[in-house]
Amino acid sequence: MRSRVDNLLMEVDPLDFRTAPIEALNFNDYELTETSIVRKIAGHINTMLDIGANIGWYSLLVASTNKESSVHAFEPIPKTFDRLLRHCHLNAVPILLAITLAFHLLLVLFLSIFIQRVLAMHR
Numbered sequence: 019m020r021s022r023v024d025n026l027l028m029e030v031d032p033l034d035f036r037t038a039p040i041e042a043l044n045f046n047d048y049e050l051t052e053t054s055i056v057r058k059i060a061g062h063i064n065t066m067l068d069i070g071a072n073i074g075w076y077s078l079l080v081a082s083t084n085k086e087s088s089v090h091a092f093e094p095i096p097k098t099f100d101r102l103l104r105h106c107h108l109n110a111v112p113i114l115l116a117i118t119l120a121f122h123l124l125l126v127l128f129l130s131i132f133i134q135r136v137l138a139m140h141r
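Numbering (my numbering), first residue to last: 19 to 141.
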């Protein structure tokens, strides 16, 4: 299914009635307020950490809108992570780094990246 507004291509899981593609199909959009905010700021996002990315709606929205952004999508559930990867492929989003990690590992990774960037800014 291709979303009308953002032209994102996503596969539909017929057993998941509340997933982004079904919501977009039924109601012309997915999480209207949140998606509207992301659309407005997508062009200004340099780095995005999508924690609990699910099937990648927000990651794909930012990555497809802002080709210069660095999007990191974290999804711990293997089946959902596989769908996230397929959506990246369907939308030809090469800059998206998708990682399947549990939250505690994510926290360690985030702190490591954050500390490295802070140190780099003060050099």
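Since the hints were made in silico from the structure, they are not lab data.
One should not assume that every hint holds.
Claimed, not checked - Label-pair ranges, simulated between beta-carbon atoms: (1) 30 with 141: 44 to 52 angstroms; (2) 140 with 20: 16 to 24 angstroms; (3) 139 with 33: 23 to 31 angstroms; (4) 139 with 51: 27 to 35 angstroms; (5) 59 with 31: 25 to 33 angstroms; (6) 25 with 140: 36 to 44 angstroms; (7) 133 with 23: 31 to 39 angstroms; (8) 62 with 23: 18 to 26 angstroms; (9) 137 with 104: 20 to 28 angstroms; (10) 86 with 133: 34 to 42 angstroms.
Said to hold, decoys possible - Straight-line C-alpha distance at most 16 angstroms; calculated EDC-like pairs for lysine to aspartate or glutamate: (11) 85 with 29; (12) 58 with 24; (13) 85 with 31; (14) 97 with 24.
Each residue gets a CB set at the ideal place from its N, CA and C atoms; glycine is no exception.
- Message: Of all the hints numbered above, which does this structure not satisfy? Sort the numbers upward.
- Response: 2, 3, 9, 10, 11, 13, 14
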